[in-house]
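Engineer: As a plain string of letters, each chain reads:
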Amino acid sequence: MDKKKVALALGIMSAILTYGICVQIKTINSTNSSYSTSSTVNSLRDEVLRYKERYDNKYEELEKAEEELEKERESTTGNNDELTKLEEQIKEGNKLLGLTEVTGEGVIVTLKDSTSPTLNSVIDTSQLVVHDMDVLSVINELKNAGAEAISINDQRLVSTSAIVCDGNVIQINGQKVGAPFEIKAIGLSEQLAALSRPGGYLSVLQEYGIGTEIVKSKNVTIPKYAGSINYKYVKSK
Amino acid sequence: MVIRKKGKIVMSISIGVSCFVLAMVMFMQFKVVNQTDITSIENMRESELRAELSNWKEKYEDVNARNEEVTKTLQEYRDKEKSDNETSKLLQKELEQINVELGKTDVEGEGITITLKETQNNDTAITADDLLVIVNALKLAGAEAISINEERIINISDIVEINNSFVKINGQRILSPYVIKAIGPQVYLESSLLGSGGYVDELKSYGYEVSIEKGSRININKYEDEIKSKYMQ
Numbered sequence: 163m164d165k166k167k168v169a170l171a172l173g174i175m176s177a178i179l180t181y182g183i184c185v186q187i188k189t190i191n192s193t194n195s196s197y198s199t200s201s202t203v204n205s206l207r208d209e210v211l212r213y214k215e216r217y218d219n220k221y222e223e224l225e226k227a228e229e230e231l232e233k234e235r236e237s238t239t240g241n242n243d244e245l246t247k248l249e250e251q252i253k254e255g256n257k258l259l260g261l262t263e264v265t266g267e268g269v270i271v272t273l274k275d276s277t278s279p280t281l282n283s284v285i286d287t288s289q290l291v292v293h294d295m296d297v298l299s300v301i302n303e304l305k306n307a308g309a310e311a312i313s314i315n316d317q318r319l320v321s322t323s324a325i326v327c328d329g330n331v332i333q334i335n336g337q338k339v340g341a342p343f344e345i346k347a348i349g350l351s352e353q354l355a356a357l358s359r360p361g362g363y364l365s366v367l368q369e370y371g372i373g374t375e376i377v378k379s380k381n382v383t384i385p386k387y388a389g390s391i392n393y394k395y396v397k398s399k
Numbered sequence: 066m067v068i069r070k071k072g073k074i075v076m077s078i079s080i081g082v083s084c085f086v087l088a089m090v091m092f093m094q095f096k097v098v099n100q101t102d103i104t105s106i107e108n109m110r111e112s113e114l115r116a117e118l119s120n121w122k123e124k125y126e127d128v129n130a131r132n133e134e135v136t137k138t139l140q141e142y143r144d145k146e147k148s149d150n151e152t153s154k155l156l157q158k159e160l161e162q163i164n165v166e167l168g169k170t171d172v173e174g175e176g177i178t179i180t181l182k183e184t185q186n187n188d189t190a191i192t193a194d195d196l197l198v199i200v201n202a203l204k205l206a207g208a209e210a211i212s213i214n215e216e217r218i219i220n221i222s223d224i225v226e227i228n229n230s231f232v233k234i235n236g237q238r239i240l241s242p243y244v245i246k247a248i249g250p251q252v253y254l255e256s257s258l259l260g261s262g263g264y265v266d267e268l269k270s271y272g273y274e275v276s277i278e279k280g281s282r283i284n285i286n287k288y289e290d291e292i293k294s295k296y297m298q
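Chains A and B supply the protein sequences, listed in that same order.
Going from the first sequence to my numbering is simple: count from 1 and add 162.
Going from the second sequence to my numbering is simple: count from 1 and add 65.
Hint data in this document are derived by calculation from the structure and do not stem from the laboratory.
Quick caveat, the model's predicted, so the values are computed rather than measured.
Mixed in with the good hints, there may be bad ones.
To spell it out: a stretch of chain A is covered by chain B in this simulated footprint if at least three of its residues, at any positions, have a beta carbon under 8 Å from a beta carbon of chain B; those stretches are [what the hints assert, rightly or not]:
| # | region |
| --- | --- |
| 1 | 178 to 187 |
| 2 | 211 to 224 |
| 3 | 241 to 249 |
| 4 | 359 to 368 |
Glycine included, each C-beta is placed from N, C-alpha and C at the ideal position.
Starting from the given sequences, assemble the full structure and let the hints guide the process.
Structural biologist: What follows is the structure, encoded as structure tokens:
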């Protein structure tokens, strides 16, 4: 009798452990983070880091130069009204382009992948994660509601920003960002918050179990675009 | 008998301990897997790394070019005699470039023109979402200026469907056929929409009439309204 009990307990334990190990192997397989230690991959990784560092240094240099330029502009315009007006227009233009950090009233929208994938196994699992199209649609609705500045996980959207799916993550401004997505928008907060109205895009996402949250705030800060606008093809007429 | 019992106790304790240790290890691993940041470069495969490398190279070159430009402008301000006339010219030059980047000027350059039209075989119309996807693909391919039926797409432009009957861009009503113009690298612009996964080919497969034309001088009109910043400081 005693032996049977022990055997049963042991059996259950090993079953649980085996299950745990199986789950882990599956998880690791699906994250495909094959820690490839081959030399090509390592040297590639080094090169990426090197370029990233070069970029960071150059960007810092650019920021300094821009700051100096602004000071120079201010000092040369002096007390001349006409020149000061031009200088202010330049400042305003840079703000509209997304090249400065801005603050104002607005909303913060959070989108999370669904947490209950086993709830309804009939649903295609790809419908449970936040897609690039979902983010694109939410952004479009915010623009429609009069958003003046928008960022996604602190990536400022400028006129050339694209949003694309890249495996398990989304790429914005060439930068990878993963869920949860925090979308900040500056504008009339009442109007922006209408995103959560019945029949709006957020309610559609909610039907798929995607976690959505929208918070109004008097003080939303959106960082500047971490890059440079550099047109090569467009020519002024 | 006593020894047997003692042995049993030792055994169950040791099994208990080893189970406990195993469970701990498992939890630790779960935590590691959870914390693995799929956006960090430590976890990228070779192809991802290559894409990442070209991405940073491009960003570096952009910033480098911009830096040279800013430094040059700065030098110009310093070199000029402090006459108001000269300064005014410099300011106007800068302002002009900003206005080009904002979409407040008519522009031209190499690019493509896409024409989309429903045919009699179609049950459904082309939607605002279709246009949104195409605009996004063009931006990804490096489009610097885009317009749909002469409505310039700027940073804050929206493309929405009204009552499932027509499309509004920048608050203006847009009707089919849709003529999408984009200025940028022709080859990339075109290839971003064609082939497998290309949205134009997908629209073609639904029976819509789609054509893409390359041009060396595409004209795109300016954004007509004022761009406001009422809420952001």
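Engineer: Now tell me, hint by hint, if it's right for this structure.
Structural biologist: So, going through the hints one by one against the coordinates:
no. : hint       : result
1   : 178 to 187 : holds (count 4)
2   : 211 to 224 : holds (count 9)
3   : 241 to 249 : holds (count 5)
4   : 359 to 368 : violated (count 0)
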